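Those sequence lines, one after another, are chains A and B. In the numbering used here, each residue's number is its place in the first sequence (first place is 1) plus 659. In the numbering used here, each residue's number is its place in the second sequence (first place is 1) plus 659.
A few of these clues could be false.
Copies of the same chain are indistinguishable here, so a pair counts whether it falls within one copy or spans any two.
[As the list claims (entries may be wrong)] Lysine-lysine pairs mimicking DSSO-like chemistry, simulated, CA-CA at most 27 Å apart:
#1 K854 / K1084
#2 K1264 / K827
#3 K832 / K1201
#4 K1182 / K1267
#5 K902 / K857
These are calculated hints, taken from the structure and not from any lab test. Since the structure is predicted, the reported quantities are computational estimates derived from the model, not experimental observations.
2 protein chains.
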Amino acid sequence: MSTLIRNTSQKGLALSLLVSSMLSASFVSAKGVTWDDIENDANTPEDVLMYGMGPEAQRFSPLQQINKENVHTLSPAWVMSFGDEKQRGQESQALVYDGVIYVTGSYSRIFAYDARTGKKLWSYSHRLPEGIRPCCDVVNRGAAIFGDMVYFGTLDAGIVALDRHTGKVVWKKRFEDYRAGYTMTGAPTLVKDQKSGKVLLIHGSSGDEFGVVGKLFARDPLTGEEIWMRPFVEGHMGRLNGKESTPTGDENAPSWPRDENGELVEAWHHGGGAPWQSASFDVETNTIIIGAGNPAPWNTWKRTAKGDDPRNWDNLYTSGQVGVDPTTGEVKWFYQHTPNDAWDFSGNNELVLFEYEENGETIKATGHADRNGFFYVVDRENGDFIKAFPFVDNINWATHIDPDTGRPVEVEGKRPPLPEPGEEKGKAVEVSPPFLGGKNWNPMAYSQNTGWFYLGANHWKEDYWTEEVVYTKGSAYLGQGFRIKTQYDDHVGVLRAVDPVSGEIKWSHKEKLPLWAGVLATKGGLIFTGTGDGYVKAFDEKTGEELWKFQTGSGIVSCPITWELDGEQYIGLASGYGGAVPLWGGDMAELTKPVAQGGSFWVFKLPKFEK
Amino acid sequence: MSTLIRNTSQKGLALSLLVSSMLSASFVSAKGVTWDDIENDANTPEDVLMYGMGPEAQRFSPLQQINKENVHTLSPAWVMSFGDEKQRGQESQALVYDGVIYVTGSYSRIFAYDARTGKKLWSYSHRLPEGIRPCCDVVNRGAAIFGDMVYFGTLDAGIVALDRHTGKVVWKKRFEDYRAGYTMTGAPTLVKDQKSGKVLLIHGSSGDEFGVVGKLFARDPLTGEEIWMRPFVEGHMGRLNGKESTPTGDENAPSWPRDENGELVEAWHHGGGAPWQSASFDVETNTIIIGAGNPAPWNTWKRTAKGDDPRNWDNLYTSGQVGVDPTTGEVKWFYQHTPNDAWDFSGNNELVLFEYEENGETIKATGHADRNGFFYVVDRENGDFIKAFPFVDNINWATHIDPDTGRPVEVEGKRPPLPEPGEEKGKAVEVSPPFLGGKNWNPMAYSQNTGWFYLGANHWKEDYWTEEVVYTKGSAYLGQGFRIKTQYDDHVGVLRAVDPVSGEIKWSHKEKLPLWAGVLATKGGLIFTGTGDGYVKAFDEKTGEELWKFQTGSGIVSCPITWELDGEQYIGLASGYGGAVPLWGGDMAELTKPVAQGGSFWVFKLPKFEK
């Protein structure tokens, strides 16, 4: 700029001022979201820049304009329909930046709305090929934003970067073969490698039910070029700067069995572990922290040496949480919630970074409510197990997590047995929680007010039996059949406040339908979430008392956020029922049948009735 | 009942009480909506039992809890998504009875919601065959209710009666061949023949753009059996009790031309006149009053004797308003707004029954804002023309309506001429209003406060030219091409208050997008309507000042209603963009492209913030 301003002839000055103001405008605008903005996301309530509302994924906002005293007056400010004749599950968490809301919709769509009025600024609907294979509905969980680009994943195993002002595609990449079952539903996230200073776009892949090898990717956010790729099946080879890097774990994959010829079994080649949720990032230790998916196939015996005990075959690095080095994509640490997972518990549920005091010490941990029914507190500096306790009733596959080893103490007979000779199916065993989990993907919140976690859990169970399975590209690779059943007459969903230090359930709020929405906690002492039958609700963080609800017309399976604009606090979330429950949920299908599909974004605020 | 109660043995008494209470319950419930309820609909704000909110179709409510002082606090109470992956135009007016809202949706669906919570009580989605031919989107404009049944029309030229408690089909009838272009989009209505005392279900048919002969039907509401049918092309034969009754008008159809062989021309056989809107009912004169559609095809020369002046061939009974005898289905009177309609002005717009004083006399009239741009006041006792005046700017096809004859004084050269020899298309002429009308189907309201009509008009125009056409079953039968254009840069839609006595435009409110929603007036001094860009709005009846708006997320093309429940006044309407404008609207397509599709029912009330 300074060189331009040196020109002092009158015409030149006018021109230089014009150019200068144009450049400033474009400079400010071109700058857009910085890493510092993202790193501080949790403390800057005027924007929401990351899935999880910050690298620690706490979903806690310092806003308190909406509080226990006035939340009962909360009212819709505006609503926008996603449109098209496309509905199904709307699982997105929105982002807010510079007065614009970015929200993804079902069928790989993204919308930019004026945050003040809801006016649609642009939308992008990804052209999906025939033959995509999303296991669990055509959902998308959200976007990432950096500089002047917004990023989101597509069901054809792609990721797209769009100009945040225009919605024009800047780049798009397909990271794998969607015909093999690879998809992308999770929100990508940004991290800054504290060593190199590079900002990276991190995203995973879905597809464990089709026998993919789950992979985590780091890309240059400006170009989309891959920087590294890390597979989550032990012994598979990683990639760095376009070249083979290191195998994941031991190149011989000793946690996976071999056949009579000494070859790794079929399952190893299609071993799952897909990190399909979003990564958290521990800036202090420079570690990407993410859950790894279930091993494939579901059938435990396909991943166990013939005649041996499955507990001898952990099938690393599946159904656990992983610390990844952003510089190289190396696994820094791994903790496995469910060794040789026989129940599709996966390890994908979000990892929330939090600290707590115990015996005078500050412990830096991850909090994780696993599908297997246990809440885990793990040392996030090294992946060491600290503690675990049940967060749902009637867990019957394990009695507890051994406090010394961090391994589950399994109940005998809960791994669905092989079929008897001559039978096509094994004997059914009743397992709780079922594969849909004590809690599923729907992310919990951590309140800095109470130090408690707030999570949308479910009480249900399943009949589970084995079936024969051979890998066929693009076909379901399960080897197990199931039927989901209710546990209680009066509820499936149960919103719970959980003390991660004592393991106490502080309060429970029951919902007739399964809970499948994310949770938001605010400094105002409120817990927000949505219900399967269409309500967005607010609860007292301390007592669980329901303080407010509003019927949005379709079921809610999205993640609420809050932000401040022009001095007012807003709550926003998508409404639109779908996701895994109505597709896979057995007895839940009857419960959820009355719920109408939808597709809209809702914004609420306290009423201000100026005339 | 009394016979049962005579049994006084203890067990017998218990039984008799049980049976008695069951019978009472079923008796009360079986009674349901009576004719008296419908006749008094406009004065009983706890329910809305008829399209038009009463037999006079005034869309005026005596409710005034929501008023000019507090309407700015009006807030959503609940919303329900229609669901499915079906959206498009939601043009319905809802009904309210006994705490239940009945609303029809696109694609021939109907929903029953608990008026307090929005909980879906039942829904019915009509199975539509391949090959239906709705000209103007897959819309439905509403249901009728009588006894314990609700009724609505289907796009496959059918009408369905459902149990209002369960949504189970009681009867369904297909009244014509949908492959020929017959459909049904309008709400049926109930009338009580004051002579026979019979309550009749009245409904019309759509399809003029496919060359149907428009027909009006009366049915037994309990069984669906046809009582009479009246075609609206002169000389076509009516039906009564399953037998030929009388021809409509003169059996020789002198208002239609004959060919060189003395045979009635092709157009007569497919002459249109379809009464696709809903009937009003004048109890006092025992007259069904309804608009008749445009003559088919659009091309004026196909309905004019070769070489003659079209003004000599009126093509009765099209593009006018008809008084029909409910006892026999005979035409009692007819007034034609657009003789030999060359512009697809149709006559279908609603007929509102109202009274006014002039020169010390009470005049019982119909008020009708025609697509042709003129507002008509017609004597509803005999169909005599009283007065007409323009309600939109720049009408260019006629200078005025002759006060003596009631016939338009046409501007020469505004009937699109035949193609020059050797040409395929005729020379284009610019016509205003275009065929989409100065106002279209979207019904106006009449306020008993002001004595004014409130209507959603549009300022647009078209290029119009003739083309050759020969009737082919199921194909468009127009013989005319067109392109709709804007008239003004700043608006297309214009909400207007019109004094039917003086012909004055009392106020105008401009909207950028075309207006396509119905209007509601209330005793509270408010005018409600919806806009193409998704707002529901309230205006001051006197000044047109916009007092309140709320963004519903999709365009609004439905009819707002109001009712009272548990002492609170509610406003309800559907949101979901579609209808004729985006399909046929030429330059409007660009204007309306940003509007997202939707499909939901919205309920608003004044906030009551009890904790």
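Hint by hint, here is what the structure shows:
{"no.": "1", "hint": "K854 / K1084", "result": "neither (52 Å within a copy, 73 Å between copies)"}
{"no.": "2", "hint": "K1264 / K827", "result": "neither (31 Å within a copy, 41 Å between copies)"}
{"no.": "3", "hint": "K832 / K1201", "result": "neither (46 Å within a copy, 59 Å between copies)"}
{"no.": "4", "hint": "K1182 / K1267", "result": "both (21 Å within a copy, 26 Å between copies)"}
{"no.": "5", "hint": "K902 / K857", "result": "within (19 Å within a copy, 86 Å between copies)"}
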